[in-house]
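Protein chains in written order, with my numbering: chain U, 1 to 282; chain E, 1 to 282.
Hints listed in this document are in silico derivations from the structure and should not be mistaken for laboratory results.
Watch out, some of these pointers could steer you wrong.
Note that the list lumps identical chains together, so a pair holds whenever it fits in one copy or between two copies.
To be verified - Below, computed lysine-lysine pairings styled on DSSO-like, alpha-carbon distance capped at 30 angstroms:
#1 Lys-180 - Lys-128
#2 Lys-128 - Lys-176
#3 Lys-180 - Lys-91
#4 Lys-91 - Lys-128
There are 2 protein chains.
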Amino acid sequence: MSDYDDAIRLDAGDGAGRRTGTFSEDWMIGNAVNGGFVMATGLTALGQHLATDPAEQTAHSDPVVMSAYFMTASAPGPFAVTTEVMRCGRKLSTGQVSVSQAGPDGEPIERMRAIASFGNLEHVDTLKQSTPPDLPPPERCVSADEAPPEFLATMRFLERLDLRLDPATAGWALGKPSMKGQIRGWLRVHDREPDTTLLMMALDSLPPVAFDLGILGWTPTLEFTGHIRRRPAPGWLRVSLSSENVGGGMMEEDASIWDSTGALVAQSRQLCGVRISSGRNG
Amino acid sequence: MSDYDDAIRLDAGDGAGRRTGTFSEDWMIGNAVNGGFVMATGLTALGQHLATDPAEQTAHSDPVVMSAYFMTASAPGPFAVTTEVMRCGRKLSTGQVSVSQAGPDGEPIERMRAIASFGNLEHVDTLKQSTPPDLPPPERCVSADEAPPEFLATMRFLERLDLRLDPATAGWALGKPSMKGQIRGWLRVHDREPDTTLLMMALDSLPPVAFDLGILGWTPTLEFTGHIRRRPAPGWLRVSLSSENVGGGMMEEDASIWDSTGALVAQSRQLCGVRISSGRNG
Numbered sequence: 001m002s003d004y005d006d007a008i009r010l011d012a013g014d015g016a017g018r019r020t021g022t023f024s025e026d027w028m029i030g031n032a033v034n035g036g037f038v039m040a041t042g043l044t045a046l047g048q049h050l051a052t053d054p055a056e057q058t059a060h061s062d063p064v065v066m067s068a069y070f071m072t073a074s075a076p077g078p079f080a081v082t083t084e085v086m087r088c089g090r091k092l093s094t095g096q097v098s099v100s101q102a103g104p105d106g107e108p109i110e111r112m113r114a115i116a117s118f119g120n121l122e123h124v125d126t127l128k129q130s131t132p133p134d135l136p137p138p139e140r141c142v143s144a145d146e147a148p149p150e151f152l153a154t155m156r157f158l159e160r161l162d163l164r165l166d167p168a169t170a171g172w173a174l175g176k177p178s179m180k181g182q183i184r185g186w187l188r189v190h191d192r193e194p195d196t197t198l199l200m201m202a203l204d205s206l207p208p209v210a211f212d213l214g215i216l217g218w219t220p221t222l223e224f225t226g227h228i229r230r231r232p233a234p235g236w237l238r239v240s241l242s243s244e245n246v247g248g249g250m251m252e253e254d255a256s257i258w259d260s261t262g263a264l265v266a267q268s269r270q271l272c273g274v275r276i277s278s279g280r281n282g
Numbered sequence: 001m002s003d004y005d006d007a008i009r010l011d012a013g014d015g016a017g018r019r020t021g022t023f024s025e026d027w028m029i030g031n032a033v034n035g036g037f038v039m040a041t042g043l044t045a046l047g048q049h050l051a052t053d054p055a056e057q058t059a060h061s062d063p064v065v066m067s068a069y070f071m072t073a074s075a076p077g078p079f080a081v082t083t084e085v086m087r088c089g090r091k092l093s094t095g096q097v098s099v100s101q102a103g104p105d106g107e108p109i110e111r112m113r114a115i116a117s118f119g120n121l122e123h124v125d126t127l128k129q130s131t132p133p134d135l136p137p138p139e140r141c142v143s144a145d146e147a148p149p150e151f152l153a154t155m156r157f158l159e160r161l162d163l164r165l166d167p168a169t170a171g172w173a174l175g176k177p178s179m180k181g182q183i184r185g186w187l188r189v190h191d192r193e194p195d196t197t198l199l200m201m202a203l204d205s206l207p208p209v210a211f212d213l214g215i216l217g218w219t220p221t222l223e224f225t226g227h228i229r230r231r232p233a234p235g236w237l238r239v240s241l242s243s244e245n246v247g248g249g250m251m252e253e254d255a256s257i258w259d260s261t262g263a264l265v266a267q268s269r270q271l272c273g274v275r276i277s278s279g280r281n282g
């Protein structure tokens with residue numbers, strides 16, 4: 001069993017719509033569990049609930065779209081995930097999921113709430129798709145392994161990934177952001193081929209695109225919506241991030257992912273908070 | 001009172017989180033109430049609930065982000081809207097909203113469920129923004145008034161708007177789509193200047209971008225997420241739609257809106273279902 005499959009495993013709770021699990025420190029980014037991993041956990045729970053729902057007539061085993069709102073940061077340790085099936089249709093089944101953890105007084109604190117639809121992406125025709133970016137081969141890209149050890153110690157999530165950034169969009173790591181608002185690279189999860197649930201995490205796995213705009217502070221995800229468009233082929237994923245609009249303490253981050261065959265498999269847009277350092281503002 | 005303000009008026013229901021209203025035929029598009037109008041209705045209810053919530057400390061009067069899932073089409077007639085306040089934070093307050101209508105047996109059928117966050121967009125700085133599209137002046141664009149009367153009779157929503165499409169992206173109306181997947185135009189609501197709630201509707205008010213790809217069938221919105229970034233100045237809005245990825249019976253539609261000063265005020269991405277006619281497939 002891969003690290004990812006082990007970490008995302010859920011225990012049955014009391015009732016069809018309640019499961020429990022434990023967030024591992026291995027999937028932390030800074031002081032919080034990676035938001036993409038929290039989303040993949042929520043999708044796993046909702047998928048398991050749907051699979052046992054009597055109204056679910058068809059094999060809607062692939063997440064197709066998810067919109068997640070992050071209220072508070074997830075911490076390592078136990079969590080509960082509650083799910084509700086809203087509608088089972090012919091093409092899509094839709095439900096809601098909430099991840100919570102006990103606060104200091106034992107009362108549950110909601111970390112993330114999301115609505116998501118599942119469908120079946122087994123046979124997908126393509127009428128039009130955006131072109132995958134030209135990237136140098138992975139061995140000529142910048143690996144996270146090259147980052148300073150003291151940085152990596154706070155970004156344990158990066159150890160779960162093989163991430164190779166296009167040198168043209170990694171200048172921020174050397175203090176020279178391109179200021180274009182673009183980050184591109186190759187991505188794999190160690191010991192695990194991608195599937196449609198893992199793609200939702202992959203959409204939120206690269207460094208924040210804010211870094212390429214010289215914004216190095218924390219950019220918390222407020223809302224994240226991902227569309228999964230195809231089951232990915234095994235191998236490297238190509239991920240491209242961009243942002244066009246920064247202002248009012250917020251920015252959008254758009255992500256697209258192509259699989260090893262060059263097929264567009266997922267895309268997302270998230271709204272992030274932006275804290276501009278006083279040095280930049282002043 | 002403008003037609004829009006009259007149509008979106010809600011009656012207090014029993015309890016803080018329940019309101020009722022009536023969808024008018026005037027806001028229908030085809031056989032359903034326009035989805036953007038349903039979203040604006042949901043935002044209005046959630047905004048009213050937040051304004052009276054004791055946990056709400058600050059004036060979070062502007063919708064900032066909304067993710068809506070459409071389960072069934074809304075019909076003219078009475079509806080109920082239930083709201084839940086999830087979290088009141090310093091910068092954002094987040095809640096959930098559900099719009100339902102009574103089915104043939106009197107049981108409620110959920111039309112739309114959404115999560116949304118409110119904030120305050122009174123003072124917004126701009127660090128980076130996408131460039132508004134170059135459009136011919138409104139008087140040299142194609143007005144919906146020029147469409148055949150039998151078409152307009154099924155699109156009553158269009159009578160509420162002053163919509164002027166760039167001739168370069170209106171060829172589909174004459175059977176000559178550009179096949180680029182782009183529609184651009186000027187938009188106003190009659191007798192009403194835009195505000196941040198109205199912008200959410202405006203993001204879903206143009207003809208489907210699918211038309212410019214030669215896809216003239218119904219493209220139902222499955223999921224819609226809009227980001228409101230600024231309070232709009234009075235006057236014309238410039239709206240630009242695009243789509244890059246069509247396949248597997250689905251497509252995304254991205255929208256951006258700039259106000260009369262050229263400021264980016266809103267953007268959205270939605271996932272639509274696509275029914276390709278057998279003529280095109282065969």
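Structure-based check of all given hints:
no., hint, in the structure
1, Lys-180 - Lys-128, "both (26 angstroms within a copy, 10 angstroms between copies)"
2, Lys-128 - Lys-176, "between (36 angstroms within a copy, 18 angstroms between copies)"
3, Lys-180 - Lys-91, "between (39 angstroms within a copy, 27 angstroms between copies)"
4, Lys-91 - Lys-128, "within (21 angstroms within a copy, 39 angstroms between copies)"
Consistency note: the structure conflicts with none of the earlier hints.
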